[in-house]
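J.: Sequence:
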Amino acid sequence: MNPTLRYLNGYPEHLTSQVEQLVEKGTLGAWLKQRYPHNHNITSEKALYDYVVGIKNQYLKKSSPLSKVAYDGKIHVVNNALGLHSFVSRVHGGKLKAKNEIRIASMFKDAPEAFLRMLVVHELAHLKEKDHNKAFYQLCCHMEPDYHQFEFDARLYLIHLESEKQK
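Counted the way full-length UniProt numbering counts, the sequence shown spans residues 1 to 167.
Hints should not be assumed to be uniformly reliable.
What the hints assert, rightly or not - Straight-line C-alpha distance at most 30 Å; calculated DSBU-like pairs for lysine-lysine:
#1 K99 x K61
#2 K128 x K74
#3 K46 x K128
#4 K128 x K62
#5 K99 x K33
#6 K165 x K74
#7 K25 x K61
#8 K68 x K25
#9 K165 x K99
#10 K25 x K62
#11 K61 x K109
#12 K74 x K109
#13 K165 x K128
#14 K68 x K130
#15 K62 x K134
#16 K134 x K165
#17 K61 x K134
#18 K68 x K109
#19 K99 x K109
#20 K99 x K25
#21 K62 x K46
#22 K46 x K130
Quick caveat, the hints were computed from the structure, so don't treat them as lab data.
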């Protein structure tokens with residue numbers, strides 16, 4: 001497979017060949033812009049926290065609270081991921097304190113809202129389901145019915161960003 005299509009490993013050849021044609025023609029960016037014409041305006045840490053907590057409160061009211069939500073410029077490079085959920089338990093006196101943090105790759109500060117929502121839903125699903133299993137993806141689809149389409153298109157967005165860097 002073409003190295004620029006590494007985000008599509010495991011996808012069927014009929015899809016990857018269509019994407020490869022868009023990349024070769026230089027039209028993938030225009031295709032994505034037509035499909036997702038507007039980027040979100042959630043650029044501050046506070047706005048991101050409010051956005052994430054809003055989705056969490058709508059779908060996961062009884063889950064553990066979030067102690068931090070942030071954009072992170074190092075995620076993609078260090079962990080080869082787009083978002084991270086961390087859970088830390090500490091003993092404070094006689095009590096066990098749990099901290100849940102969500103970090104989103106900074107490259108999604110200037111992206112379509114659908115991609116940010118997909119990442120947020122993915123990381124929130126980890127509050128209930130630690131593994132990427134059937135229950136995890138069912139929860140993602142419960143919170144965002146178009147989860148799988150947005151995930152695929154976010155992969156195309158990453159391919160587009162990388163192909164633009166190479167120019």
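J.: Would you mind marking each hint as holding or not holding in the structure?
T.: So, going through the hints one by one against the coordinates:
{"no.": "1", "hint": "K99 x K61", "in the structure": "holds (16 Å)"}
{"no.": "2", "hint": "K128 x K74", "in the structure": "holds (25 Å)"}
{"no.": "3", "hint": "K46 x K128", "in the structure": "holds (24 Å)"}
{"no.": "4", "hint": "K128 x K62", "in the structure": "holds (10 Å)"}
{"no.": "5", "hint": "K99 x K33", "in the structure": "violated (37 Å)"}
{"no.": "6", "hint": "K165 x K74", "in the structure": "holds (18 Å)"}
{"no.": "7", "hint": "K25 x K61", "in the structure": "violated (46 Å)"}
{"no.": "8", "hint": "K68 x K25", "in the structure": "violated (42 Å)"}
{"no.": "9", "hint": "K165 x K99", "in the structure": "violated (37 Å)"}
{"no.": "10", "hint": "K25 x K62", "in the structure": "violated (48 Å)"}
{"no.": "11", "hint": "K61 x K109", "in the structure": "holds (26 Å)"}
{"no.": "12", "hint": "K74 x K109", "in the structure": "holds (13 Å)"}
{"no.": "13", "hint": "K165 x K128", "in the structure": "violated (37 Å)"}
{"no.": "14", "hint": "K68 x K130", "in the structure": "holds (18 Å)"}
{"no.": "15", "hint": "K62 x K134", "in the structure": "holds (21 Å)"}
{"no.": "16", "hint": "K134 x K165", "in the structure": "violated (35 Å)"}
{"no.": "17", "hint": "K61 x K134", "in the structure": "holds (21 Å)"}
{"no.": "18", "hint": "K68 x K109", "in the structure": "holds (17 Å)"}
{"no.": "19", "hint": "K99 x K109", "in the structure": "holds (24 Å)"}
{"no.": "20", "hint": "K99 x K25", "in the structure": "violated (47 Å)"}
{"no.": "21", "hint": "K62 x K46", "in the structure": "holds (22 Å)"}
{"no.": "22", "hint": "K46 x K130", "in the structure": "holds (26 Å)"}
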